[in-house]
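Residues in the sequence shown are numbered from 1 upward in steps of one, following the working numbering.
Worth double-checking, as some hints may not be accurate.
[Said to hold, decoys possible] Simulated crosslink set (DSSO-like; lysine-lysine; CA at most 30 angstroms straight-line):
# : residue 1 : residue 2
1 : Lys107    : Lys134
2 : Lys63     : Lys277
3 : Lys36     : Lys22
4 : Lys115    : Lys64
[Claimed, not checked] What follows is a set of in silico ranges between Cβ atoms, one per label pair, in the way DEER data are often shown:
#  : residue 1 : residue 2 : range
5  : Val31     : Thr99     : 15 to 23 angstroms
6  : Glu11     : Asp275    : 16 to 24 angstroms
7  : Asp267    : Pro9      : 39 to 47 angstroms
8  : Ile113    : Lys277    : 45 to 53 angstroms
9  : Lys64     : Gly92     : 26 to 34 angstroms
10 : Gly186    : Thr10     : 21 to 29 angstroms
11 : Pro32     : Ser68     : 21 to 29 angstroms
12 : Ser68     : Ser144    : 28 to 36 angstroms
13 : Phe216    : Pro185    : 14 to 22 angstroms
14 : Glu55     : Met270    : 42 to 50 angstroms
15 : Ile113    : Thr223    : 40 to 48 angstroms
16 : Ser68     : Asn250    : 39 to 47 angstroms
17 : Ser144    : Lys13     : 42 to 50 angstroms
18 : Lys13     : Pro148    : 34 to 42 angstroms
Keep in mind that the hints were calculated from the coordinates and are not lab data.
Note that the coordinates shown come from a computational prediction; the quantities given were computed from them, not determined experimentally.
All C-beta atoms, glycine included, are put in the ideal place defined by N, C-alpha and C.
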Amino acid sequence: MEIRYATHPTEVKQYDTERLRKEFLMEGLFVPGQLKLVYSHVDRIITGGVIPTNEPILLDADKKEMGSAFFLERREIGIINIGPKGTVTVDGTDYELETKDCLYVGKGSKEVIFKSADSSQPAKFYLSSTPAHKTYPTVKAALSDAQPNHLGSISQSNERTIYKFIHNEGIQSCQLVMGMTLLEPGNMWNTMPCHTHNRRMETYLYFDMPEDGVVFHLMGEPTETRHLVVRNEQAIISPSWSIHSGVGTNNYTFIWAMAGENQEFSDMDMVDMKDLK
Numbered sequence: 001m002e003i004r005y006a007t008h009p010t011e012v013k014q015y016d017t018e019r020l021r022k023e024f025l026m027e028g029l030f031v032p033g034q035l036k037l038v039y040s041h042v043d044r045i046i047t048g049g050v051i052p053t054n055e056p057i058l059l060d061a062d063k064k065e066m067g068s069a070f071f072l073e074r075r076e077i078g079i080i081n082i083g084p085k086g087t088v089t090v091d092g093t094d095y096e097l098e099t100k101d102c103l104y105v106g107k108g109s110k111e112v113i114f115k116s117a118d119s120s121q122p123a124k125f126y127l128s129s130t131p132a133h134k135t136y137p138t139v140k141a142a143l144s145d146a147q148p149n150h151l152g153s154i155s156q157s158n159e160r161t162i163y164k165f166i167h168n169e170g171i172q173s174c175q176l177v178m179g180m181t182l183l184e185p186g187n188m189w190n191t192m193p194c195h196t197h198n199r200r201m202e203t204y205l206y207f208d209m210p211e212d213g214v215v216f217h218l219m220g221e222p223t224e225t226r227h228l229v230v231r232n233e234q235a236i237i238s239p240s241w242s243i244h245s246g247v248g249t250n251n252y253t254f255i256w257a258m259a260g261e262n263q264e265f266s267d268m269d270m271v272d273m274k275d276l277k
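Let the hints inform the model, and build the full structure from the sequences given.
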């Protein structure tokens, strides 16, 4: 498990590109036959990816870093499959996940196992896990089950649909809020006009991008912005004080996950475009 520490916005102003990427960009999450995890001290969120090939893969705890007997002893987790069909087995119960299906697993589940329906076309499971104080039931949701929110316009290059999976009015959780945003063809901007929410941090996973496609992810304080070049199936850690927006070379999809003080999706501090620098 890779460890990332929290950063102060004043310090981040001095970072060059290499340091920004080291602190906030998560590369190499999806390796065939492996489970890859990144533990961030920003609200103690764990982000990960797993591609089961010939053998199933167990979601195992890093006992030294987590101080727990098993991964979900004091945690909850959201899982979204971004690849071909696969199965997540939770304490002996199988949940079959098609592409873009979501599974929430609550605190206390002892054994979580990932496997692919076809090892030659393996599933790709994306994981977001946060500390939990209460057990909520394990729930599966297809994209068609998620609450959609249509935003933007083609004239502003930001026509998109936000699908909410884990939130106050959907799958219940302790603090994890998670969903997916799909941009329509011909649209490249996400989360613009931008915002911050000092009560919650956020992670973004960008995918459904061509090999030569990139997203220029904008981050930093509204008056001190920076950018990171993000490629397919790479993820970003966004601290609560940072904007989180971007523009791609073509349309794409991204998964967002939040952790922090509340679960109010609409709790945002909007940034006026004239104030961006």
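Hints the structure fails to honour: 2, 7, 10
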